[in-house]
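**Q** Start from the sequences and build out the full structure, keeping to the hints where you can.
Residue numbers (the numbering used here), protein chains in the order written: chain A, 1 to 110; chain B, 1 to 113.
Source of the hints: derived by calculation from the structure; they are not laboratory data. What you are looking at is a predicted structure, and each value in this text was computed from that prediction instead of being measured. Where is the CB? At the ideal position from N, CA and C, for every residue including glycine.
DSSO-like cross-link-like pairs, simulated, lysine-lysine; straight-line CA separation at most 30 angstroms:
1. Lys71(B) - Lys11(B)
2. Lys56(A) - Lys97(A)
3. Lys11(B) - Lys97(A)
4. Lys97(A) - Lys68(A)
5. Lys62(B) - Lys11(B)
6. Lys49(A) - Lys107(A)
7. Lys49(A) - Lys97(A)
8. Lys56(A) - Lys68(A)
9. Lys97(A) - Lys62(B)
10. Lys78(B) - Lys97(A)
11. Lys60(A) - Lys49(A)
12. Lys11(B) - Lys107(A)
13. Lys60(A) - Lys97(A)
14. Lys97(A) - Lys77(A)
15. Lys97(A) - Lys71(B)
Chain A is nowhere near these chain B residues, computed Cβ spacing over 12 angstroms in every case:
16. Val19
17. Pro61
18. Gln80
The calculated label-pair distances, taken between Cβ atoms and stated as ranges, are:
19. Leu96(B) - Thr5(A): 25 to 33 angstroms
20. Pro61(B) - Glu8(A): 25 to 33 angstroms
21. Arg9(B) - Pro10(A): 24 to 32 angstroms
22. Gly72(B) - Asp55(A): 29 to 37 angstroms
23. Asp54(A) - Pro81(B): 49 to 57 angstroms
24. Pro81(B) - Ser3(A): 27 to 35 angstroms
25. Ala17(A) - Ala20(B): 43 to 51 angstroms
26. Arg67(A) - Val54(B): 32 to 40 angstroms
27. Glu15(A) - Ser66(B): 41 to 49 angstroms
28. Glu16(A) - Pro61(B): 42 to 50 angstroms
29. Ser58(B) - Arg105(A): 25 to 33 angstroms
30. Ser14(A) - Gly72(B): 48 to 56 angstroms
So the chains spell out like this:
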Amino acid sequence: GNSVTQMEGPVTLSEEAFLTINCTYTATGYPSLFWYVQYPGEGLQLLLKATKADDKGSNKGFEATYRKETTSFHLEKGSVQVSDSAVYFCALRVTYKYIFGTGTRLKVLA
Amino acid sequence: EAEVAQSPRYKITEKSQAVAFWCDPISGHATLYWYRQILGQGPELLVQFQDESVVDDSQLPKDRFSAERLKGVDSTLKIQPAELGDSAMYLCASSLDGDQPQHFGDGTRLSIL
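**A** Quick look at the structure:
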């Protein structure tokens, strides 16, 4: 079946540190891949997406590359800020259905 | 940017009572999704509409949950009777169609006593 596996959190970093949140997936067919961010008390916001192998999604300094050979879509940011503290969800879409990972909480300390 | 509107933001009720949530998607969005998000987990799809038609309700507990989108615009999700395990965040999302990114509302947090 289709599934998404994310690294467990929380991830705690100092401001300006490098961020990696790992995400791997299992899917039949050719999924599109997404990262969503959820701030406390709010719904999810689309952060970035990639629709085919080797595509790189990027937004607000975050990047992720669709790696078909390793079935991965790891999220990276070169220098995190306190305002990046949130929960990050990796997701896939296949045949118009979304599957979400369990989320990774990021805490950035000043 | 227009938002997906959900109400109420919070709902506290006793088990065995009925509860209803409302969602107004972004204007023009044909696809509407209801998700349940248990604390510490990712959203799980309950039901997906394309206009007024249900296209996926395979994970909806149909003995107690119902959803409708009669005119293909706003939607209501109902639980009757509510159980303790229904405590969760209920999220609504919409997209232009099933192939476009989703936009989420802020959700309704349900607590069952």
